[in-house]
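Visitor: Letter by letter, the chains look like this.
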Amino acid sequence: MPRQPDRNTILKGTLDVLVLKALSRAPMHGFEVTEWLEREAGGSLGLDDSAVYQALYRMEKRGLVAAEWGVSEKNRRARYYELTRQGRAHLKAETERVLSYADMVRSILVGGESAA
Amino acid sequence: MKRRRWLRLKSTDRQLSEQDVIAELEAHLAERMERLKASGMSEEEARAEAERRLGGVARARYALVRAAWDRDIRLTLRERVGSVADDVRYAVRLVTREPGYALVVIVTLALGIGANATMFGLLDRLLLSGPTHVKEPAQLHRFYASTRSQQSGELTTFAQLNGVAYEAFRARVASVEHVAAYRSQKLTLGSGVDARQLAAIGVTSGFFDLTGVRPVIGRFIAPSEDDAAGERVVVLGHALWRSEFGGDAGILGDVVQLSGNGYRVIGVAPPGFTGVELGRVDAWVQIAHAAGRDRWTTEWIGLYIPIVARLRPGASAERAAAEATAAWRSITEGRPGKMEEGYITLAGIGADRHGNEPLEARVTRWLVAVAAIVLLVACANVANIYFARGLMRRREIAVRLALGISRGRLIRLLLAESMVLAVLGGLAALAVAYWGANVVRTVLLPHVDWTTSALNARVLVVAGGITMLVGVLTGLAPALRASRTKAHTSVASSLRAAQSSRTAGTLAALQAAFCVVLLIGAGVFVRSLWSVNAVDLGLDADRVLAASFEWDTPAHLTDEERAAQSDRRRTFYREAAQRIAAEPGVEHASVAIGSAFGGAFYASIRADGVDSIPPMPGGGPYMSAVTADYFATLGTPLTRGRAFRVSEGAGTDPVAIISRSTAEALWPGADPIDRCVYIGDGAEIPCRRVVGVAADTRRFNITEEPALQFYVPLGQQPAWMGGFTVLARTGVRPDVMTEPLRRVLHEMEPSLRFVAIQPFNEYLEPQRRPWKLGAVLFTLCGALALSIAVIGLYSVIAYLVVHRRHEFGVRMALGAERFDVITLVLRRTLALAGIGVAIGLAVTVLAAPYLQPLLFETQARDGAVVAIAAAALIAAAVLAGVLPAWRASRVSPTEALRDG
Numbered sequence: 001m002p003r004q005p006d007r008n009t010i011l012k013g014t015l016d017v018l019v020l021k022a023l024s025r026a027p028m029h030g031f032e033v034t035e036w037l038e039r040e041a042g043g044s045l046g047l048d049d050s051a052v053y054q055a056l057y058r059m060e061k062r063g064l065v066a067a068e069w070g071v072s073e074k075n076r077r078a079r080y081y082e083l084t085r086q087g088r089a090h091l092k093a094e095t096e097r098v099l100s101y102a103d104m105v106r107s108i109l110v111g112g113e114s115a116a
Numbered sequence: 001m002k003r004r005r006w007l008r009l010k011s012t013d014r015q016l017s018e019q020d021v022i023a024e025l026e027a028h029l030a031e032r033m034e035r036l037k038a039s040g041m042s043e044e045e046a047r048a049e050a051e052r053r054l055g056g057v058a059r060a061r062y063a064l065v066r067a068a069w070d071r072d073i074r075l076t077l078r079e080r081v082g083s084v085a086d087d088v089r090y091a092v093r094l095v096t097r098e099p100g101y102a103l104v105v106i107v108t109l110a111l112g113i114g115a116n117a118t119m120f121g122l123l124d125r126l127l128l129s130g131p132t133h134v135k136e137p138a139q140l141h142r143f144y145a146s147t148r149s150q151q152s153g154e155l156t157t158f159a160q161l162n163g164v165a166y167e168a169f170r171a172r173v174a175s176v177e178h179v180a181a182y183r184s185q186k187l188t189l190g191s192g193v194d195a196r197q198l199a200a201i202g203v204t205s206g207f208f209d210l211t212g213v214r215p216v217i218g219r220f221i222a223p224s225e226d227d228a229a230g231e232r233v234v235v236l237g238h239a240l241w242r243s244e245f246g247g248d249a250g251i252l253g254d255v256v257q258l259s260g261n262g263y264r265v266i267g268v269a270p271p272g273f274t275g276v277e278l279g280r281v282d283a284w285v286q287i288a289h290a291a292g293r294d295r296w297t298t299e300w301i302g303l304y305i306p307i308v309a310r311l312r313p314g315a316s317a318e319r320a321a322a323e324a325t326a327a328w329r330s331i332t333e334g335r336p337g338k339m340e341e342g343y344i345t346l347a348g349i350g351a352d353r354h355g356n357e358p359l360e361a362r363v364t365r366w367l368v369a370v371a372a373i374v375l376l377v378a379c380a381n382v383a384n385i386y387f388a389r390g391l392m393r394r395r396e397i398a399v400r401l402a403l404g405i406s407r408g409r410l411i412r413l414l415l416a417e418s419m420v421l422a423v424l425g426g427l428a429a430l431a432v433a434y435w436g437a438n439v440v441r442t443v444l445l446p447h448v449d450w451t452t453s454a455l456n457a458r459v460l461v462v463a464g465g466i467t468m469l470v471g472v473l474t475g476l477a478p479a480l481r482a483s484r485t486k487a488h489t490s491v492a493s494s495l496r497a498a499q500s501s502r503t504a505g506t507l508a509a510l511q512a513a514f515c516v517v518l519l520i521g522a523g524v525f526v527r528s529l530w531s532v533n534a535v536d537l538g539l540d541a542d543r544v545l546a547a548s549f550e551w552d553t554p555a556h557l558t559d560e561e562r563a564a565q566s567d568r569r570r571t572f573y574r575e576a577a578q579r580i581a582a583e584p585g586v587e588h589a590s591v592a593i594g595s596a597f598g599g600a601f602y603a604s605i606r607a608d609g610v611d612s613i614p615p616m617p618g619g620g621p622y623m624s625a626v627t628a629d630y631f632a633t634l635g636t637p638l639t640r641g642r643a644f645r646v647s648e649g650a651g652t653d654p655v656a657i658i659s660r661s662t663a664e665a666l667w668p669g670a671d672p673i674d675r676c677v678y679i680g681d682g683a684e685i686p687c688r689r690v691v692g693v694a695a696d697t698r699r700f701n702i703t704e705e706p707a708l709q710f711y712v713p714l715g716q717q718p719a720w721m722g723g724f725t726v727l728a729r730t731g732v733r734p735d736v737m738t739e740p741l742r743r744v745l746h747e748m749e750p751s752l753r754f755v756a757i758q759p760f761n762e763y764l765e766p767q768r769r770p771w772k773l774g775a776v777l778f779t780l781c782g783a784l785a786l787s788i789a790v791i792g793l794y795s796v797i798a799y800l801v802v803h804r805r806h807e808f809g810v811r812m813a814l815g816a817e818r819f820d821v822i823t824l825v826l827r828r829t830l831a832l833a834g835i836g837v838a839i840g841l842a843v844t845v846l847a848a849p850y851l852q853p854l855l856f857e858t859q860a861r862d863g864a865v866v867a868i869a870a871a872a873l874i875a876a877a878v879l880a881g882v883l884p885a886w887r888a889s890r891v892s893p894t895e896a897l898r899d900g
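Which chain is which? The protein sequence lines are A and B, in order. Okay, so the first sequence: first residue is 1 according to the numbering used here, each after it adds one. Okay, so the second sequence: first residue is 1 according to the numbering used here, each after it adds one.
Do not rely on the hints blindly, as some may be mistaken.
Simulated coverage check for chain B against chain A, where a stretch passes if three residues somewhere in it have a Cβ under 8 Å from a Cβ of chain A [said to hold, decoys possible]:
{"hint": "1", "segment": "21–28"}
{"hint": "2", "segment": "70–83"}
{"hint": "3", "segment": "313–327"}
{"hint": "4", "segment": "608–617"}
Here are the computed distance ranges between Cβ atoms for each label pair [unchecked claim]:
{"hint": "5", "chain 1": "B", "residue 1": "Arg-409", "chain 2": "A", "residue 2": "Val-98", "range": "40 to 46 Å"}
{"hint": "6", "chain 1": "B", "residue 1": "Lys-37", "chain 2": "A", "residue 2": "Ser-24", "range": "28 to 34 Å"}
{"hint": "7", "chain 1": "B", "residue 1": "Gln-19", "chain 2": "A", "residue 2": "Ala-102", "range": "45 to 51 Å"}
{"hint": "8", "chain 1": "B", "residue 1": "Val-81", "chain 2": "A", "residue 2": "Val-110", "range": "45 to 51 Å"}
{"hint": "9", "chain 1": "B", "residue 1": "Arg-80", "chain 2": "A", "residue 2": "Ala-102", "range": "36 to 42 Å"}
Far from chain A, by Cβ distances over 10 Å, these chain B residues were calculated [to be verified]:
{"hint": "10", "residue": "Arg-32"}
{"hint": "11", "residue": "Val-193"}
{"hint": "12", "residue": "Ser-548"}
{"hint": "13", "residue": "Ala-563"}
{"hint": "14", "residue": "Ala-632"}
{"hint": "15", "residue": "Ala-683"}
{"hint": "16", "residue": "Leu-883"}
Everything labelled a hint here was simulated from the structure, so no lab data went into it. Glycine included, every Cβ here is placed at the ideal spot set by N, Cα and C.
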């Protein structure tokens with residue numbers, strides 16, 4: 001499958017908030033997060049799976065998520081991530097920001113077309 | 001990796017991170033493969049696809065291991081900081097739960113740390129920092145000339161040189177890059193009653209380059225202005241600029257009148273700049289004008305100015321001294337007094353006029369040690385308290401240990417408590433330091449121009465450092481011992497308790513030793529101060545003041561006019577004395593040329609029946625010319641004969657009064673009345689009859705040796721003697737009369753520019769200052785240490801009593817009286833105190849030779865002082881022990897036995 005560079009760049013900036021959103025439901029391990037993102041996005045994300053892990057490690061370092069080794073339903077060892085209070089607050093703020101940015105872009109692009 | 005070393009993470013930790021990543025990736029790949037296989041792929045296809053979606057196993061692993069390592073470092077750091085924060089929070093909670101104990105610790109530490117901060121501030125100002133705005137003061141040196149006295153052959157070293165020496169050093173001492181000379185003088189701003197006397201310093205232009213100071217506005221004196229022929233210029237001191245000229249920059253270029261001359265203002269010095277000494281300076285002028293001569297660098301005149309220089313970087317003081325000696329020899333060739341055999345030495349700018357460290361500075365060093373001792377006493381107290389608490393909390397600690405806390409972690413927790421209390425004590429110490437600094441500045445060292453705040457940056461840094469050290473010092477040993485608590489504590493507890501009481505006892509004995517040392521130190525300084533105050537000055541310094549006069553003199557007078565002016569002034573002085581004597585509050589007044597603490601004039605004399613005048617250690621013969629009321633004014637008793645009569649003066653029979661030492665030296669054992677002395681060296685000198693013998697007085701210093709002194713009536717002195725002083729004896733405190741008398745005198749004579757009135761005590765106070773400094777601060781610290789030690793001893797004994805309740809119960813049940821129990825406890829108390837006294841005495845005996853040079857007419861091992869100090873300590877110990885002893889005796893035997 002050919003990689004789509006544009007989608008990559010846009011996505012990487014917002015990947016953090018997407019991962020936080022995934023974890024806002026319940027604690028998940030890394031694969032579950034990837035699965036959830038693919039499902040919600042309606043297909044492939046266009047990113048390597050390792051990017052998701054990088055995002056998780058990054059946010060763990062910043063204190064937005066906390067991780068612990070546990071056991072999955074399949075009785076396998078898995079590293080579970082959950083949102084911290086700080087992470088929840090960050091999710092709320094970033095969601096607002098990203099959505100309003102998306103709205104602005106949308107209105108410019110859509111509005112511009114009709115003017116032209 | 002620097003970060004790793006700092007966090008003390010081992011290299012195996014990186015492997016752990018790597019293992020974590022590998023495990024996580026494996027789990028991910030396994031899940032992905034399961035999904036793919038469920039949708040129909042084979043094992044190999046699934047794996048290939050899973051790895052592809054991952055982004056390549058090797059690449060992913062590489063990137064993720066780096067990210068994981070980064071993350072783990074940060075997480076570990078956060079955990080460590082978090083645990084420290086937890087410890088601190090826990091410690092703060094403990095402190096708020098038991099405010100009483102916390103308060104005792106905080107106050108004790110505050111006193112100890114505060115005392116040290118104060119002493120450091122003092123040390124910094126006097127010894128470490130150097131004068132304000134002077135760059136690299138360690139490179140600045142003074143020149144000292146050492147010559148042999150013609151009379152005694154003794155080597156004297158003095159700092160007061162002259163302009164010829166200055167010029168020679170400037171030209172020929174290659175090892176220095178700046179040479180400057182300066183001279184203190186008083187200048188009067190304004191005229192009349194509202195005139196103000198300024199502390200001014202005349203300097204050579206190089207002085208400002210030498211110190212490296214920069215002006216606030218304007219400029220400093222230029223080399224072209226070093227010549228006395230040019231215009232007079234002045235650089236204003238910052239404080240004067242603000243107070244008299246409103247801090248207005250427009251003052252530049254204006255001319256101000258100082259002592260009758262116009263000086264153009266060329267600049268303002270930065271705040272706090274006091275030259276190379278520490279006293280306040282109001283104005284800087286050219287030294288050439290102060291020298292009063294046009295060729296002050298080429299004529300050998302008695303100018304008496306200090307010369308300072310800055311060493312070139314890398315040059316040695318010895319080299320500079322050798323070069324200066326060569327220059328000195330060349331300029332003193334052929335001069336009288338064999339001066340060319342002298343030599344030059346260099347000393348730091350803090351040195352006094354003889355090249356030694358000033359007494360105040362040496363006392364200060366001791367005071368720093370004293371403050372450190374007080375701190376140790378305080379720390380011993382606090383450590384004792386922590387030991388006791390450790391014992392009381394052993395159950396809690398045992399539980400923590402059982403729950404798996406590591407010993408290191410436990411020690412850190414206990415240390416957090418001592419650090420928190422130390423920090424609180426350090427903050428409270430700032431208040432103590434502020435108060436202490438104010439006492440030092442206003443009461444003990446008022447002559448220093450204090451411009452920096454009492455809590456300046458250096459003091460704060462030192463206080464902070466001491467606080468941290470105290471926190472560790474007081475907390476570490478108790479924490480280490482407490483961490484060794486065993487979970488099963490019943491048997492170990494009595495052992496622990498015994499050990500604890502031994503430690504507590506040792507610390508208490510040490511505190512007692514420290515206190516003894518401090519008390520003895522305080523005692524000998526107080527005794528020195530007492531001795532200084534008790535020196536028989538030959539007069540009542542408490543009641544006398546001296547007035548000296550500055551006149552508005554027109555510049556050019558003919559010889560006739562000058563003679564008429566002198567006559568008018570002579571009359572004025574006598575009238576002034578009469579007028580002052582008529583004032584309420586004044587008992588006597590007199591006029592004198594040369595007086596006690598005002599200097600006197602050397603005159604050679606011969607005496608009847610005496611072949612040669614015996615030399616005296618203080619020198620002489622020194623002569624003063626005085627009016628009849630002089631001795632009554634000063635309160636100098638006449639041991640034989642009478643004072644001068646009012647009628648005696650110019651034109652009457654020559655008479656003289658000699659001092660008692662002079663009488664003893666000239667005619668030992670005989671009556672000197674009516675004998676003859678002859679003043680001067682000429683052939684036809686009339687006999688001057690001795691009509692009275694007066695008690696000895698001093699010319700300048702309290703600590704002077706006796707000298708040959710004599711007096712003649714005012715009017716009978718040789719024409720070359722000049723410099724009138726009016727003296728007054730007041731019924732009330734002399735400083736109360738200063739302003740009223742100034743007003744009276746200015747009213748009498750409007751052409752007076754300034755009348756300087758100084759009570760004798762004000763003049764003498766700086767001379768007593770080093771001993772006052774030592775006495776006050778040693779005593780304060782000694783009292784402080786003693787109070788802290790008493791509290792400490794009290795808590796040790798109280799703890800002991802509680803711990804041995806069972807034993808006391810047994811004793812009383814077996815028939816011991818309450819009194820016996822009390823004596824038992826007190827005996828223990830006295831034993832501790834006794835050990836302390838013994839150690840303290842030993843230390844004193846060893847340290848005595850170092851303290852001796854600082855004292856005045858007092859032995860460092862003074863028996864009375866030692867006895868009083870020991871007695872005070874024993875009394876304090878008894879005081880500390882009495883309450884616990886009494887409580888011990890009130891223990892009901894049955895209760896005590898039951899508790900056992």
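Visitor: Could you run down the list of hints and mark each one as holding or not?
Guide: Hints and how they fare:
no. : hint                                : result
1   : 21–28                               : holds (count 5)
2   : 70–83                               : holds (count 5)
3   : 313–327                             : violated (count 0)
4   : 608–617                             : violated (count 0)
5   : B/Arg-409 with A/Val-98: 40 to 46 Å : 43 Å, holds
6   : B/Lys-37 with A/Ser-24: 28 to 34 Å  : 31 Å, holds
7   : B/Gln-19 with A/Ala-102: 45 to 51 Å : 40 Å, violated
8   : B/Val-81 with A/Val-110: 45 to 51 Å : 49 Å, holds
9   : B/Arg-80 with A/Ala-102: 36 to 42 Å : 41 Å, holds
10  : Arg-32                              : 7 Å, violated
11  : Val-193                             : 75 Å, holds
12  : Ser-548                             : 78 Å, holds
13  : Ala-563                             : 97 Å, holds
14  : Ala-632                             : 89 Å, holds
15  : Ala-683                             : 107 Å, holds
16  : Leu-883                             : 54 Å, holds
Of the numbered hints listed earlier, those contradicted by the structure are 3, 4, 7, 10.
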